[in-house]
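Asks: Residues per chain, in single letters:
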Amino acid sequence: MADKKATREAYGAALAEFGVDERIVVLDADLSKSTKTDVFKKKFPERFINAGIAEADMMCVAAGLASCGKIPFASSFAMFAAGRAFEQIRNSICYPHLNVKIGATHAGISVGEDGATHQCLEDIALMRSLPGMVILNPADDVEARLAVKAAIEHDGPCYLRFGRLAVDRIFDVDYKFEIGKGVEIKEGKDVTIIATGLMVGFALEAAKMLEEDGISARVVNMATIKPIDRDIIIKASKETGAIVTAEEHNIIGGLGSAVAEVLCESAPCVMKRIGTKDVFGRSGKPAELFEEYGLTPAVIAKSAKQAIYEKEN
Amino acid sequence: MNNLDLKITACKIRKHALDAVHAAKSGHPGGSMSIADILALLYFEKMKVDASNPNWELRDRLVLSKGHCAPALYGALAEAGFIPKEDIKGFRNIRSYLQGHPDMKKVPGVDMSTGSLGQGVCAAAGMAIAAKLDRKNYRVYAILGDGELEEGQVWENAMFAAHHNLDNLTVIVDNNGLQIDGNIADVMSPLPIDKKYEAFNWNVVVADAHDFDSLRAALENAENCKGKPTAIIAKSVKGKDISFMENEAGWHGNAPNDEQYAIAAEELDKKLAELEARKNG
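Chains as they are written, first to last, in numbering that gives the first Met the number 0: chain A, 0 to 312; chain B, 0 to 280.
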């Protein structure tokens, strides 16, 4: 866990690595230095298109490129990709099921000092509601690279969610990534923490804290939020009887909702959701914001204990 | 194709569009009538397309950015052999593939799913840039409504297409002057259209949307222009060739009743008979 790298860094590097495939075209909306698509631009300038600060146009241009056999990656901050251009993604990309990849960086509260206007906590909810959309939210740089590769191999629209903040490396280089598959990254029998993105690292820390109290917590990395891995959720419910979800997103409409839908219909158990509680963020350092909005290993551990208590009483 | 044959084809397209809207009891006849001549010239003279191979990689593309005028597009595709003529009357029916707005996944010959205004033209620019990347010489056409120009992303794309020198992109603005709520100048004026495109560094040509010589010259001008996209401001008449629909904003999105349909059909049939008589005599 020595290495620390932002998933957006891995995104840019992966585009440059896999960009030897000439079908790949990268678009950005004047944020290439932040989204890291400038790494691709340096290597393949002829296949980099700056759309300027015009996300609506960029998404539809990407749709047109995809209709001609290209694999466009349209990049911006999550707020302006999923938020501002939602209807373009719906009508011009998802409705015709075109092969557009949306590389959305700076997702979540960890954007930090820029504040609420730039902290997108609704993108997973928006993208989940679109038929045929695949949503990938990698936990570290290793997984981010593999998510880009999987998105290229997948035929259809794909939303990739990346963070601004450098995060600990969790996975080894031989880690296998598959769209639609959650991965049990720590065994456990008392409770299951299902986490996505940056919260996966926090979930592992929470599991360690719980272990010190004699609690065996399972940790599942749910990098694919859609299509959700029903089997791993049902298995966790049946085997541990208590589930806590953890995401850097509003508790409405994100991972917690997706897991709750599966549980309610197929395997009800005690469940708690960690995420922002239907509020907007504010300016601050990422670590301060995690405390402020209850996105910490300690809060996850506390919720896990509460879930176990409710299961047993 | 000669102008008389084009006129005959355009008249048939109008009749298909009228039949579609009447059968569905909903749809958009006014703008469908105003673009019928443009579609006839594109599909029967200008565009390299192959009805037996609708996804031919090197074909010219047409994006109907004003997707609500699907009845006219379906009429043109039927006349050009992409879809059976008898399917037209299934327009908007739950059992039909002919959706209220064009669906590229359901209808052979439709190059982009459209309907949400402002988006189609941007997708057309994406196709044009794909052609440049692949060094292919197909051309991309987009038909926009003049009311559609009120959508902000049209101008995002106007910047984009000029910045990227998309001289293989031709935008045709169906300038009939009317939108749902009335005259474009009263609702939210996009005027002057030609000067706006000029200011965005486009090649601009003003043409008569119902005069094939004028339209042909405009399209040739677009093909000969290097380094800039072309905007053809096509002055048109909403509801063209149906007397009671002409220049009436009320016919933007309303279907004629049986009585009105009979009158409209008779007018188009009469015009078609006259044109065919001229051709044969």
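No wet-lab data here; the hints were simulated from the structure. Please note that the accuracy of each hint is not assured.
[Unchecked claim] Each computed DSS-like pair below joins lysine-lysine, with the alpha-carbon atoms no more than 30 Å apart:
#1 Lys-225/B - Lys-41/A
#2 Lys-131/B - Lys-84/B
#3 Lys-237/A - Lys-276/A
#4 Lys-11/B - Lys-41/A
#5 Lys-148/A - Lys-135/B
#6 Lys-131/B - Lys-88/B
#7 Lys-234/B - Lys-11/B
#8 Lys-42/A - Lys-131/B
[Stated by the list, open to error] Partial selection, computed: residues in chain B whose CB lies under 8 Å from chain A:
#9 Phe-43
#10 Ser-112
#11 Gly-114
#12 Ser-115
#13 Gly-125
#14 Leu-132
Quantities reported herein were computed from a predicted structural model and do not represent experimental measurements. For every residue, glycine included, the Cβ atom is placed at its ideal position computed from N, Cα and C.
Asks: Hint by hint, say whether it matches the structure.
Replies: Hint by hint, here is what the structure shows:
| no. | hint | result |
| --- | --- | --- |
| 1 | Lys-225/B - Lys-41/A | holds (28 Å) |
| 2 | Lys-131/B - Lys-84/B | violated (35 Å) |
| 3 | Lys-237/A - Lys-276/A | holds (27 Å) |
| 4 | Lys-11/B - Lys-41/A | violated (53 Å) |
| 5 | Lys-148/A - Lys-135/B | holds (28 Å) |
| 6 | Lys-131/B - Lys-88/B | violated (39 Å) |
| 7 | Lys-234/B - Lys-11/B | holds (21 Å) |
| 8 | Lys-42/A - Lys-131/B | holds (19 Å) |
| 9 | Phe-43 | violated (23 Å) |
| 10 | Ser-112 | holds (4 Å) |
| 11 | Gly-114 | holds (7 Å) |
| 12 | Ser-115 | holds (4 Å) |
| 13 | Gly-125 | holds (2 Å) |
| 14 | Leu-132 | holds (7 Å) |
In the structure shown, a violation is registered for the earlier hints numbered 2, 4, 6, 9, in ascending order.
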